[in-house]
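Peer 1: Note that my numbering has the sequence shown beginning at 2, numbered continuously upward.
Keep in mind the hints are simulated off the structure, nothing from the lab.
Be careful, since some hints might not be right.
Quick list of simulated restraints, FRET-style, between CB atoms [as the list claims (entries may be wrong)]: (1) A151 x S28: 35 to 41 Å; (2) H188 x Q6: 54 to 60 Å; (3) L66 x E146: 26 to 32 Å; (4) E30 x E80: 32 to 38 Å.
Note that CB positions come from ideal geometry on N, CA and C, so glycine has one too.
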Amino acid sequence: MSAAQRREQLITIGRQLFAERGFDAASIEEVAARAKVSKPVVYEHFGGKEGLYAVVVDREVRALLARITNALTAGHPRELLEQAALALLDYIETDTDGFRVLVRESPVMSATGNFSSVLNDVAHQAEHILGAEFKRRDYDPHLAELYSQALVGMVALVGRWWLEVRKPRKETVAAHLVNIAWNGLSHLEPQPTLSTRPERRNR
Numbered sequence: 002m003s004a005a006q007r008r009e010q011l012i013t014i015g016r017q018l019f020a021e022r023g024f025d026a027a028s029i030e031e032v033a034a035r036a037k038v039s040k041p042v043v044y045e046h047f048g049g050k051e052g053l054y055a056v057v058v059d060r061e062v063r064a065l066l067a068r069i070t071n072a073l074t075a076g077h078p079r080e081l082l083e084q085a086a087l088a089l090l091d092y093i094e095t096d097t098d099g100f101r102v103l104v105r106e107s108p109v110m111s112a113t114g115n116f117s118s119v120l121n122d123v124a125h126q127a128e129h130i131l132g133a134e135f136k137r138r139d140y141d142p143h144l145a146e147l148y149s150q151a152l153v154g155m156v157a158l159v160g161r162w163w164l165e166v167r168k169p170r171k172e173t174v175a176a177h178l179v180n181i182a183w184n185g186l187s188h189l190e191p192q193p194t195l196s197t198r199p200e201r202r203n204r
């Protein structure tokens with residue numbers, strides 16, 4: 002096995018192990034044992050568990066972002082919501098180990114290398130879409146960031162739930178996500194207030 006092939010093998014094994022056990026419970030010893038190599042071989046390629054984990058997470062972040070970005074091809078905002086929701090559910094279904102790695106928090110990862118960073122990137126894209134739509138409807142475009150975070154967060158939390166239950170089928174889940182998101186957006190109040198505190202404006 003060449004050095005490049007060995008590196009890919011170790012990344013694959015690390016991905017599986019981090020998905021199964023999380024960063025803290027995984028060990029270089031087990032990575033080496035599954036690959037049938039000595040521990041120094043793993044250290045030679047990645048410098049330690051943190052290095053291997055960083056490579057695995059970086060690959061998954063890139064893969065998920067590429068999948069969602071490539072899915073956003075429609076022109077209508079509702080269709081874009083459908084495409085984004087389905088892209089995330091597709092990723093969960095076909096790359097379950099990768100998704101499990103991303104949603105597990107690790108003390109060694111910064112805010113730029115985990116699921117939160119992916120969601121922020123997706124929300125940033127959604128913010129531009131919503132901002133244009135808000136302007137067209139005479140809503141405050143500065144609130145597009147708030148709404149984009151809310152929408153992406155909703156889809157992500159449902160995705161984590163669906164990861165475990167796997168029902169109903171993903172198309173049904175996506176349809177219901179779009180139902181609540183689109184129908185909610187379609188009936189936005191330009192200046193909503195809290196019914197329990199009518200004297201205050203929510204800015």
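Peer 1: Are the hints correct? Go through all of them and say.
Peer 2: A quick look at each hint next to the structure:
1. A151 x S28: 35 to 41 Å: Holds, at about 39 Å.
2. H188 x Q6: 54 to 60 Å: holds, 56 Å
3. L66 x E146: 26 to 32 Å: Given about 19 Å between the Cβ atoms, the range is violated.
4. E30 x E80: 32 to 38 Å: At roughly 49 Å between Cβ atoms, E80 and E30 fall outside 32 to 38 Å, so the hint is violated.
Taken one by one, the earlier hints fail for this structure at numbers 3 and 4, listed in ascending order.
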